[in-house]
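A.B. asks: Going down the list, the sequences are from chains A and B. Under numbering that gives the first Met the number 0, the first residue of the first sequence carries the number 0, and numbering increases by one thereafter. Under numbering that gives the first Met the number 0, the first residue of the second sequence carries the number 0, and numbering increases by one thereafter.
To be clear, the hints were calculated from the coordinates, so they are not data collected in a lab.
Calculated cross-link-like contacts (lysine to aspartate or glutamate; reagent style DMTMM-like; alpha-carbon spacing at most 25 Å):
no. : chain 1 : residue 1 : chain 2 : residue 2
1   : B       : 145       : A       : 363
2   : A       : 48        : B       : 99
3   : A       : 398       : B       : 206
4   : B       : 110       : A       : 89
5   : A       : 412       : B       : 159
6   : B       : 110       : A       : 81
7   : A       : 422       : B       : 159
8   : A       : 48        : B       : 58
9   : B       : 111       : A       : 81
10  : A       : 48        : B       : 51
11  : A       : 422       : B       : 163
12  : B       : 145       : A       : 438
13  : A       : 442       : B       : 163
14  : A       : 396       : B       : 206
15  : B       : 145       : B       : 163
16  : A       : 442       : B       : 159
17  : A       : 412       : B       : 154
18  : B       : 44        : A       : 40
19  : B       : 111       : A       : 89
20  : A       : 48        : B       : 54
21  : A       : 442       : B       : 171
22  : A       : 442       : B       : 170
23  : A       : 48        : B       : 171
24  : A       : 48        : B       : 85
One side of the interface only, derived from the structure: several residues of chain B facing chain A at Cβ under 8 Å:
no. : residue
25  : 83
26  : 170
27  : 175
28  : 180
29  : 196
30  : 197
31  : 200
32  : 208
Negatives, chain A to chain B, calculated, CB over 10 Å:
no. : residue
33  : 138
34  : 146
35  : 165
36  : 172
37  : 174
38  : 177
39  : 203
40  : 204
All C-beta atoms, glycine included, are put in the ideal place defined by N, C-alpha and C.
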Amino acid sequence: MTNETFDVLIIGSGHAGGMAAKVLTESGVRCLMLNAGPVADVARNAQHKPAYELPYRGFKPPGRLEHVFQASEFNANVWVDEQEVPYTFDAANPYNWVRVRLFGGRSLFWSRQSFRLSDYEFKGKSHDGFGEDWPISHADLSPYYSRVEDIFQVSGAMDGPPQMPDGNFILDEDPWSESMQRFMAAGKSFNMPVCKQRRALGRDGLASSVNLLLPDAENTGKLTSIANAVVRELTVDKNTGQPNGCHFVDRLSRREMRVKARVVVLAAGTLESTRLLLNSKVGNSSGLVGRYLMDQIYGAGVTCSVPEARNGKATKELMGGGAIVPRFRNITTKSDAFLRGYALNVTSSIGPVHPRNFATYGAELQQKLQEYHGSSFYMTIMGEVLGRYENHVRINKDKVDAWDIPVLHVETKYTENEYNMAKDAVEVGSTVAEAAGFEVLSKNIVPNPPGYSIHEVGTCRMGDDPKRSVLNKWCQSHDHKNLFVVDGASFTSAGWQNPTMTILALSMRASEYLAGEMSKQNI
Amino acid sequence: MLRRDFVRAVVSIGFAPRLLLSQQTANPAPPPPAPVPWTLGLNSKTPLPHTEVVDGITETERRFFTPVQMAVLVRLCDLLLPPIGDKPGALQAETPLFLDFLIGSSPASRKKVYSGGLNWLDSESQKRYKRPFAKLDTMQADGILKPLLRTWMSDHPPTEPHVDFINIAHDDIRTATVNSKAWSDVSSAGAQASTAAGLYWSPIEPDIHAGNSDCTRMPAHVIAAPKATHSIPAYPR
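Please model the complete structure; the sequences and the hints are all you need to start from.
C.D. replies: Here is the structure:
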């Protein structure tokens, strides 16, 4: 018999959806998961090749994925195609919307950096008066962070300052290289903490929904998953006005279908979840669905060389290792130029220095590359983007995607706060590097376009007040208690931190709350 | 014979022709060319034909750059990345014609950077030395090129006119050359770059309807942005 009603419909299979599926099915809840794309099987779909065997020698295929700077010819087929699922924006304010619709979503390809938000983020407004506080604090989320860090096998050191809370880590006890120690010493004058990187090791080389979350859900026998299901809109019960399922179309055959569920959990990724709510005209009594789009500024940075490592003198004792410099601005002091702050990813490398760092060519360039080989020391920014009402997405009724679903129009831009932050990062980074005795080779103060970070958050922000937020502190819609949004859409502020650990923790917490409410028959 | 029996006889003949045939002939003819299970032919034991990449075997035909632009590009490639040590240079790696193919397939903004840049190089050469760029000696060419080189970081090439072309083209010429078969055939040592290699993802369950959908017939609304007032990189990489 078709058209059975599931307990929970989960839309999306990435970190957020995968965690919801694991928690809910382990609590006995029967779930249906829909994912827009297919399963990727590296054995069937991928092959090791040298660049010269590819049509474009590794260059990104011309005209494709113009707004995915991370794309190359090797990986072009994993990203969502911009022609197939377009979006619009004003040409003066470009947006890089980077998406993966394969089963597991972007959790298949993320960078593994794993940081907790601190109360400088959760209670940012209380600290500096801007924006809104989250309705939760670090203390509320800490137990969930710890469990997520265990599942994802996060490595790190217990060396974080208050603005980067320590966690449940596999301890990283590798010694610092000498170049890193010099950088740390030089950074002290700026009160710059330099800490061990924190990264999710996962299992068998992968830290993804597909190997850490979905298998647990499938083992319960309570998860049914469907691939290639492009959801058109949520359906609403005519009598109760509550969401009760969705219409979707098969990605390949174009067959139109529907499913019913008691509860709907959106986990399609910040902007796709928001797009679905807007197209379905559901959950927006606040008028804030789509508002306060945020991410992090990336792209600004400094590249240096450690002179003592040149001319073949690089050693593992002198070079190597990575560090995270968590936000140190606007913690105990106040900057005149910007609110909030930025982190720096710092890397010391015994490998090559890129040719772009030398304004020369030919034999002279090759000589430089030889001389500088092994001496690379570079840092790049991850800076908090402020949440602004005017930075938003809305539906463009005049354009549709390959399945006739109206697309998103993105209207957002960085402001002086972000540009000043980037300038500060480069100035401070250069000053510290020079004080450490390094030679600065190249710098960039201009952030990449909004969206480049692939950390878009907000647009369904959480809060206690239904007039000023879309979701409550459980990621539950203020309008419909059987509707949850468990991905990055719920963020009230962006922070400088990669959002993955927070998305996982929020999804875990929301799903446990939902399971509890369902068992009490409250939903 | 009753009509009913006649029909029954005809039907049974229709259902059992082979039986009738074998009864009637002593040495049965080979079975007719009935549908062969052709889909079962290819299997894991089937030898795979060995093929080569075209580099070094065929010649790419120039399709985009004018003959003058091509001559400028050839000279530029040879200057920026000549053969060094055992490693081939850009010309040996057939980089100029590869770039003609790559840039000729690219959106208008990228084509403009290259065409404009090559034209400017040639006109600058005529202005300074009364000779085409393709005929400049190393010192003369260096006089034009060196002042335009910058240090820059990924995704943020220089944006000043002509400076952008030189630096972007230098980067592209290096990438195209290092990723060529000619480069890869000579092993890299020390600071010599290695040919990129890695996991290549084929299209995964490609949507064959995508090319027919209305969305692709609409004017491109996801376009590379022109230079913004805030110097955000506009170069479509």
